[in-house]
Amino acid sequence: MWEFWVRSLNASTIFTVAALGEIIGQRAGILNVGVEGVMLFGATISFMVAKTTGSYLLGFLAGIAVGALIGLLHAFFSITLGGDQVVNGMGIWILGFGLTAYIGYPFTGPLGLPRIPTIAGLSPFFIFSVLLAVLMWFFLFKTNMGLKLRSVGENPSVAEVSGINVARTRYLSVIFSGMLMGLAGSIYALDYNPVWNYNFLMGWGFIALALVFFAMWNPLILLGGSILFGVLWQVSLNPEALLPNVFSRYIWRTFPFVITIAVLVMMSTRWFSSRWGAAKPEALGLPYEKD
Amino acid sequence: MTSFYPVKCPHRRQGSVIEWLIPMTAEIKHGDIVLEARGITKRYPGLVANDNIDFEIRAGEIHAILGENGAGKTTLMSILFGLVRADEGEIHVFGKKVNFRSPLDAIDLGIGMVHQSRKLISAHSVLENILLGHPQAGSILNFKKAAEEVGHLCDRYGYKLDLNARVWHLSEGEKQMVEILKALYRGAKILIMDEPTSALAPPETKKLLKTIQIMTRDELAIVPFITHKLPIVLSISQRVTVLRRGKVVARLNTADVTEQRLAVEMVGREVIFELERDVVEKGKPILQVENLSAHDEKGIHSVKDISFSVHEGEIFGIAGVSGNGQQTLAEVLAGLRKAAGGRVLLDGLDVTQTSSLDRWKKGIGYIPSEQRAVGSIGDFSLVENMLMSYYYDDAFSKWGFIDFQKTRRFTEELIAEYGVATPNADVNARNLSGGNLQKLILARVLSRKPRLIIANLPTQGLDVGAMEFVQNKLLEARKSGAGILLISEDLDEVMALSDRVAPMYEGEFMGILPGETADRETVGAWMAGLKQKAVEQ
Amino acid sequence: MKLAGYTLKFEKKENFTGVEAAVISVLAILFALFLVGIIFLQAGVDPAMGYYEIFSYAFLNPFGLPLTINRAIFLLLCTCAFIVPMRAGLWNIGMAGQLYLGALSAFAVAFAFGARSDAELPAGVVLPLMVLGSAVGGAAAGAIPGLLKGKFNTNEIVVTMMLNFIMFWLVSHMIKEGGPFMGSGGEGEGYRLPASLQPQPNLGVPFTFWFAIGLTVLLHVLFAKTRIGYQIRAFGLNPAAARYAGVSPFKISLLVFILGGLIAGLAGYHYFGTVPGLFKIPKNYGDFGDLAFYGIICGLISQGNPLAAIPLAFLFGGLTSGGRFVQGKLQLGFGIDYAMLGVLMIILVAFQFFFRYRIVLKKDKER
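Heads up: the protein sequence lines correspond to chains A, B and C, in order.
Mapped onto numbering that gives the first Met the number 0, the consecutive letters of the first sequence carry residue numbers 0 to 290.
Mapped onto numbering that gives the first Met the number 0, the consecutive letters of the second sequence carry residue numbers 0 to 536.
Mapped onto numbering that gives the first Met the number 0, the consecutive letters of the third sequence carry residue numbers 0 to 366.
Honestly, I wouldn't trust all of these hints.
[Said to hold, decoys possible] Quick partial rundown of chain C residues pointing at chain B, CB under 8 Å, derived from the structure: (1) 142; (2) 233; (3) 243; (4) 245.
[Unchecked claim] Label-pair ranges, simulated between beta-carbon atoms: (5) A:3 <-> C:176: 19 to 25 Å; (6) C:216 <-> B:405: 19 to 25 Å; (7) C:224 <-> B:337: 30 to 36 Å.
[What the hints assert, rightly or not] Mimicking DSSO-like on lysine-lysine, the simulated pairs with C-alpha atoms at most 30 Å apart in a straight line are: (8) A:147 <-> B:118; (9) C:250 <-> B:448; (10) B:96 <-> B:246; (11) B:143 <-> A:147; (12) C:328 <-> B:361; (13) C:250 <-> C:150; (14) C:328 <-> B:303; (15) C:8 <-> A:50; (16) B:360 <-> C:250; (17) C:224 <-> B:360; (18) B:405 <-> C:11; (19) A:289 <-> C:8; (20) B:159 <-> A:147.
Keep in mind the hints are simulated off the structure, nothing from the lab.
Ideal Cβ placement from N, Cα and C applies to all residues, glycine included.
Given the sequences, and given the hints that come with them, work out the whole structure.
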């Protein structure tokens, strides 16, 4: 049983880190539907670097750096060029999916380094992800920078009038968001499952994206959601051992997505919005032009 | 006692201009000139928005700036707050000449602005909004200290406000309080207020007036910009500057004037145009509205229990300052918004629950106030725009296929008839000028020969030629027996066109006056709220 | 930006002509192919040689051409599935999920007639019903985001994305590990259609080719000539004005997604039901879901014009089939076709900018 929980928490780590990245971008008003693409870049590059140099540290740094670079690309398309963020995100996803399949192929196979030490099976990154979520919550809701960042995502013109540089804030948050996604990919490729295979994330980036909506843009709810989705994923790997004869493993895998749709629908009802307001950052996905 | 609120103006940027401009310890005495504008002129293409405007504002005084829509108030306000630069003239704040590069400079100099469209972030709490952009908020926000300090301000001015509430939960009056608190917490000494009472319910208005009177005791200078609600101007302000067409037409001490005098100064007396109005026999009622109530998109109850009827061959004018429920009323009648109560009858048939398409078909023609956002589709050609009122018409389509050739011929005929200036009918609507676009919309709606025309601000933003054209077309439709509901903010237009006039104020008709006997001053006063609701005549 | 006495400025475009759009699109594709050429170079292959091999295999080779045609049909249907909601201003990212459900429905129809038992079945009855089934299945998958959008204004992008994964796993559930549609071999594939339900291509093209072309032309007519098409376009360009003109947002949202899903469903039937050598839902069915994303690229390049999508579908169909081929022949690394997909998409995204802005070069006035 311990094994099951540990694996669930380890899986949740990757969701948490990637989704935290997405949260910080979306809180500043920039939607990146290409989480999966950025994670694939992070995973592939970190895997390649770690395998070549034999250094985990360099691997992680490379994963974070490539994430920042892709984040910068998304920021440039979405903020400077003012393009449609969904199209840009799709572009980043398909670029990541396509290019990493090609450049990573020669590295197919196991990493071949000693595994990163665990605490009774629990990855140290899980603890890191919990701390990160709490820190992120503190940053967003208790600090001046966080307040400014949220304001930019809610109403950029009001933020601008209050003396905040909207473009700069958005650039910084999208780059940072890319770094976290790249890191999440690196954790997957170097720690969770250190075997490279083409398109090996199988939609984990999209689960992370779904989690952001599920968590209503709150890092602490996200933490709970990640663990739930991590458990669901783990159940789906071997359902017969835990809940025999309920659903096939594939049906279990649809659960995070079904739950996300249900949460989305609930959030769009009048009942919800009259109680909680639009949890969604108001300016999410909208390009901002100074007038 | 001239010490200010307990927080001693600590919120200026360190080392900013203000440090040497006004020593913080200097006390402002009652009646000191705190802001002085000299010869402010601002020109826009084809328009002088502000023409050599002078005035001064004193500490501890409420100085109202009064004027109709288009009199230049907004421009003046934007110049004082650093949003727009004047072409000529200078502004002195606390005796020093200033040059605003942005509103931030104005804020640093102690000028606060309370906007009409609330500049608040609705998902944030009150406190977060107040702290946003505050130069001394610190990198980790000290909500406790801020709450204490803002709490002192609240106590001083008698505000009761949950500082942790989300702004979207608040009423309009409370949102305004937040804006005022935000300005004061940043150390504002001069408070510019844009239409401070326009969105407020009467009890909230009362409260606001009380608090700003308390503020003047702290030697704050308050500058409300007001279009209507003359009683308010009289009851609170010490001085009034009246603007008309970009110029200052009067500087008055409120103690010396009456409401009627103010109304005359504001509206002016000259009649701009004369229209030929034939005598048309009033026929049977087309539209009957019974006890209609409705909410606007923000959920505000903006049409309250209205009853009236429009007859064949009649122009029924609704006069009112924008935001008094006319837009909601027009949308409800056109079927674009649900009524909250009451009935709408067209030719005796109840159409309250029917769709807008159904009402088009039954003979209601709606000319919306927003030509580009609602009345037309910019990326559609003129032919396709014409189809907006004809796509469902079997005369223009067969088995679901639209006859574009016929539509084109029809469009070309109408373009010629209405004199729409365009190279051809394939031009996209966004390339037409405002006047030509309105002619096209008019052609589209009127060519259906509607029984009832709802014309919502049909001449707003048009030049004089196009304006006259539109007005004459409405008169023609009247002559041919249509009933017309005209909604206008232009008093001259309503008076010149209408057979009956209903001044609308805060979602209600103040009365219904026959066009021939109504005089401008009465209608102007009623739509400004200077009358208790009258019994229908 | 200043350059030697000239000022470079971006001006917002109000509208652009069809020729302008075509030029931008062609430039975008050329630029992307240029970048892929660099990948060729890096892999030690002469780009000219590489492209020659790709295009000659795709369009001249007797093995390559049918593959290209099959992919083009598939891409054309996916593009149409994207275009219909696009014209109403809505995003259908869910072609993959819709085509999975369409394919499952088609195979469910055959299954209901006992196709697993390899019986001789009346093709004249079962085949049309399979086509119909795929259309209904796809439409049902499309109806979900349409309904949620119309009723609750739920973001259709996220919903269609989530549905892609739900449908993906649903297919696995049906064809793998004892699922009802599992093939006899037990390698995690769907069952194979019996010979009687394997429509043979005519002159090298399956009958779905005519479906796809016909549907594209029909869509063109729908948008250009009909009342419904007019309402969809009006709603896409200005929802407030469309509402003013009496168009119901609910009906339009539902309609475009049902129509889009229906077409995507047919794409699912086409690939798994009519392509020789397949006639089953294969293990790697996910690749075809990925391929469906070319529909977004084609839809964006064609700016929503169904007729323009026809040549684009053939171009990209050829690039993907030829790309796979040269990978083996020229010993390029695996995934060159995926890399091409990625580069094309991102360059297209960058070129979207030129649909909205034009570059203006102005000579500075002498001071």
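Each hint, compared with the structure:
Taking 8 Å as the C-beta cut-off, the interface hint given for residue 142 of chain C is violated, the closest approach to chain B being about 22 Å. Look at residue 233 of chain C: its Cβ gets to within about 6 Å of chain B, closer than 8 Å, so that hint holds up. Taken as an interface hint, residue 243 of chain C checks out: its beta carbon lies about 5 Å from the nearest beta carbon of chain B, inside 8 Å. Checking residue 245 of chain C against chain B: minimum C-beta separation of about 3 Å stays under 8 Å; hint holds.
Hint check: residue 3 of chain A to residue 176 of chain C, Cβ distance near 21 Å, so the stated range 19 to 25 Å holds. For residue 216 of chain C and residue 405 of chain B, the Cβ-Cβ distance of about 23 Å falls inside the hinted range of 19 to 25 Å, so the restraint holds. Between residue 224 of chain C and residue 337 of chain B the beta carbons are some 34 Å apart, a value that agrees with the proposed interval 30 to 36 Å. Proximity of residue 147 of chain A to residue 118 of chain B is assessed by CA-CA distance (about 15 Å); at most 30 Å being required, the pair is judged to hold.
A threshold of 30 Å between alpha carbons decides the hint, and for residue 250 of chain C with residue 448 of chain B the separation of about 28 Å falls inside it, so the pair holds. A distance of roughly 22 Å separates the Cα atoms of residue 96 of chain B and residue 246 of chain B; the hinted pair therefore holds under the 30 Å criterion. The suggested pairing of residue 143 of chain B with residue 147 of chain A holds, with an alpha-carbon distance near 19 Å, which does not exceed 30 Å. Proximity of residue 328 of chain C to residue 361 of chain B is assessed by CA-CA distance (about 70 Å); at most 30 Å being required, the pair is judged violated.
Using a Cα cut-off of 30 Å, the hinted pair residue 250 of chain C and residue 150 of chain C holds, with the two alpha carbons roughly 10 Å apart. Note on residue 328 of chain C and residue 303 of chain B: the hinted pairing is violated, with a Cα-Cα distance of about 78 Å set against a maximum of 30 Å. Taking the CA atoms of residue 8 of chain C and residue 50 of chain A, the gap is near 46 Å; set against the 30 Å cutoff, the hint is violated. This hinted pair checks out: residue 360 of chain B and residue 250 of chain C have alpha carbons roughly 19 Å apart, not beyond 30 Å.
Annotation: proposed proximity of residue 224 of chain C to residue 360 of chain B holds, straight-line Cα distance about 22 Å (limit 30 Å). Taken as a hint, the residue 405 of chain B and residue 11 of chain C pair is broken in the structure, with Cα atoms around 35 Å apart against an allowance of 30 Å. This hinted pair checks out: residue 289 of chain A and residue 8 of chain C have alpha carbons roughly 17 Å apart, not beyond 30 Å. With a C-alpha separation of about 26 Å, the suggested pair residue 159 of chain B and residue 147 of chain A falls inside the 30 Å cut-off, and the hint holds.
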